[in-house]
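Enquirer: In case you want the letters, here they are:
2 protein chains.
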Amino acid sequence: MRELDYDELEALAIGAGVLGTGGGNHPHLELMCAQADYRRGRRIRLVDPDELADDGRVAVVCIMGAPLVTKERLPEPQSICRAVRRMEAHTGAPFDAIMSIEIGGENAFFAMLVGMELGLPVVDADTMGRAFPEAQMASFAIRGLEVAPFAIADIRDNEVLIARAESATRVERIGRRIVVELGSIAGTCTAPRSGAEVKAHAILRSVSRAIAIGRAIQAARAAGGDPVAAIVDGAHARLGFTGKVEDVSRRTEGGFVRGTVRLAGGGSHHGTEMLIDFQNEFSVARCDGALVASVPDLITVLDEETAEAIGAEVIRYGQRVAVVVLAADPIMRSPEGLAVVGPRAFGYDFDYRPFEELAR
Amino acid sequence: MRELDYDELEALAIGAGVLGTGGGNHPHLELMCAQADYRRGRRIRLVDPDELADDGRVAVVCIMGAPLVTKERLPEPQSICRAVRRMEAHTGAPFDAIMSIEIGGENAFFAMLVGMELGLPVVDADTMGRAFPEAQMASFAIRGLEVAPFAIADIRDNEVLIARAESATRVERIGRRIVVELGSIAGTCTAPRSGAEVKAHAILRSVSRAIAIGRAIQAARAAGGDPVAAIVDGAHARLGFTGKVEDVSRRTEGGFVRGTVRLAGGGSHHGTEMLIDFQNEFSVARCDGALVASVPDLITVLDEETAEAIGAEVIRYGQRVAVVVLAADPIMRSPEGLAVVGPRAFGYDFDYRPFEELAR
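Top line first, the protein sequences correspond to chains U and R.
By my numbering, the letter at position 204 of the first sequence is numbered 204, and the numbering carries on one by one without gaps.
By my numbering, the letter at position 167 of the second sequence is numbered 167, and the numbering carries on one by one without gaps.
Some clues are possibly wrong.
Reference listing, derived: stretches of chain U covered by chain R, where coverage requires no fewer than 3 residues with Cβ under 8 Å from a Cβ of chain R [stated by the list, open to error]:
hint: 1; region: 161–169
hint: 2; region: 347–359
Among chain R residues calculated to face chain U with C-beta under 8 Å, some are [to be verified]:
hint: 3; residue: 86
hint: 4; residue: 155
hint: 5; residue: 159
hint: 6; residue: 164
hint: 7; residue: 170
I should point out that these hints are in silico values taken from the structure, not numbers from a laboratory.
Here the structure is a predicted model, which means the values were calculated and not measured.
We put the beta carbon where it would ideally sit given N, CA and C, even for glycine.
Construct all of the structure, not just a fragment, from the sequences and the given hints.
Expert: Structure below.
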């Protein structure tokens, strides 16, 4: 267990943006909330998964909602706190720690804000290693752990508990409808997880990974270096393309932001044109007709100069970007994982191949 | 407390149809289920509200869903039983009796089926004295009692609990979305009511009223008399029109069946043309331009020969019908009641006037 430094907050925001792969929203506002909490004397205590007692109780939380609404309203960690309290009332037992369902985007920070609000440590792990749009795409669900009971709360006086559900997908669908009724944004807490379950089935040390990515980018910026290269230098990451945004088609469909980004290359060895589809997150990247990467691997689009992550809902004509591809966690690349987060789960008619293999 | 006779089951079905005012579905299938239960030796025990202990715990239940779906699928009282058990688990206390949220239509019978399934008596009361489309239109909600917690379950393995809600209307809206996700039909159980609350705020002895209406119709049929006249003879009921269905416009809108029925009169003293609007239930009746009756008073359309109730979703060209108007319960006619179930609550721009007054 260690306290995060004030300086690590911004690094975490940068890294969570990169791991958000275009979705999950950049945690600008959440970063400011966390910094304000620090100035009021609060601190984030990060606990390594190995430090958890096997029977310790972990609350897995997130903000569920439409990306645009989470940008319109100020961060509401209180809604998650109420979902956590509702789950405690339902199970009759208090939680020992908080964990984010996803390290990508704003939800990385919501776990931190909730931890400070409730005085609980935050586990250095998540269930996606990135951002994904739906609840059944969590590693716990992939490994067969029940998502229900699942608590949903807002900042007014509404609290709903999905006590039982026939499947993880049904939890997602029921939950999504409830969230829409609550204004398309709400706090959620999934079924309590034991420390043993976290150690066995979570994406471990992903908070530290996000901070490390952020620190590398910060260091390169400070040194006048290339911040994109700074994170590609790491293992399991490859620069897929550099170029200019030529066109974006974007539509809201079934509660998701879907569309395609077209990039024109600068004549580099990476090719002349890249098309990147998104379904909240960037899902498939093709270069001059050839597949470069697909879910569950991470396709992240960064500002070419600063390596600041660019969201699928804000990317626009004229931006000069670098596309970096990162390896998904082995849980996501397993057959059970690919059944839920592979290209076919996103509606594509091809099988997953690791981006390293595609690059050969 | 008394057992209902086998013969009373059909009388209850006929009377519940009349009190359904075009909505709530005619309980044909539910009657057959109850008769089958009787042949298996089960019995409905009807308990008078006065017999309830003040601290007795009453489960107020219904099937919530789209009218057409409840016709497509066989009756599923087990879904309500699961909602009742979920509510017991949530509150930590068992129920002593079952009560229907509405006496009109199929829900009158679901309370009976659930009572037999769970071995609990059924209270001779409901919360509407008729059928209404939404949960906040219950007498308990009108009297300011909380509708939440509110349990919803289906016959698969889905159970949702609205633990808290900012208003009765929000419970209705959240609940409606959940029900749609579950296939547009589910069983529900509202907040436990004490015996004292039932005595003070329910529509009392409405099961007996429905049975009495049904018996009067049966007796007139058997005697070769006029079954419509048999129920108009009663207090607080008036024959509003007789004629032929000339036209029906019907559309599904916002989860409801809405439309208008046009009747042509037979030249009787009742006038030449009646228009009846419906929003699941018949809501407003006008004759030759003059208002005859509006919600919350009961507008019920009966087969002219048999006095069998005709639902708004099945009424069709050519049927010869009698329109009978019955007085709403005083709770529904109170200012608090009219705010929720008066004409303005159904989108009309006029104030409620009792049908007796309109008839003068």
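Enquirer: Tell me if chain R covers the region 161–169 of chain U under the three-residue, 8 Å CB rule, please?
Expert: With 6 residues close enough to chain R, the hint holds.
Enquirer: Tell me if residue 164 of chain R is really an interface residue toward chain U, meaning its C-beta lies closer than 8 Å to one of theirs.
Expert: With Cβ-Cβ at 4 Å, under 8 Å, it holds.
Enquirer: Using 8 Å as the Cβ threshold, decide whether residue 170 of chain R counts as touching chain U.
Expert: holds, 6 Å
Enquirer: Closer than 8 Å between Cβ atoms is the bar; does residue 155 of chain R clear it against chain U? Give me holds or violated.
Expert: violated, 10 Å
Enquirer: Close enough to count: is the Cβ of residue 86 of chain R nearer than 8 Å to one in chain U?
Expert: Holds. Min distance 6 Å.
Enquirer: Quick one, is the residue 159 of chain R hint okay against chain U at 8 Å, beta carbons?
Expert: holds, 4 Å
Enquirer: Taking 8 Å as the Cβ threshold, is the statement that the region 347–359 of chain U is covered by chain R upheld or broken by the three-residue rule?
Expert: Answer violated; 0 residues pass the 8 Å Cβ test.
In this structure, the hints that do not hold are numbers 2 and 4, in rising order.
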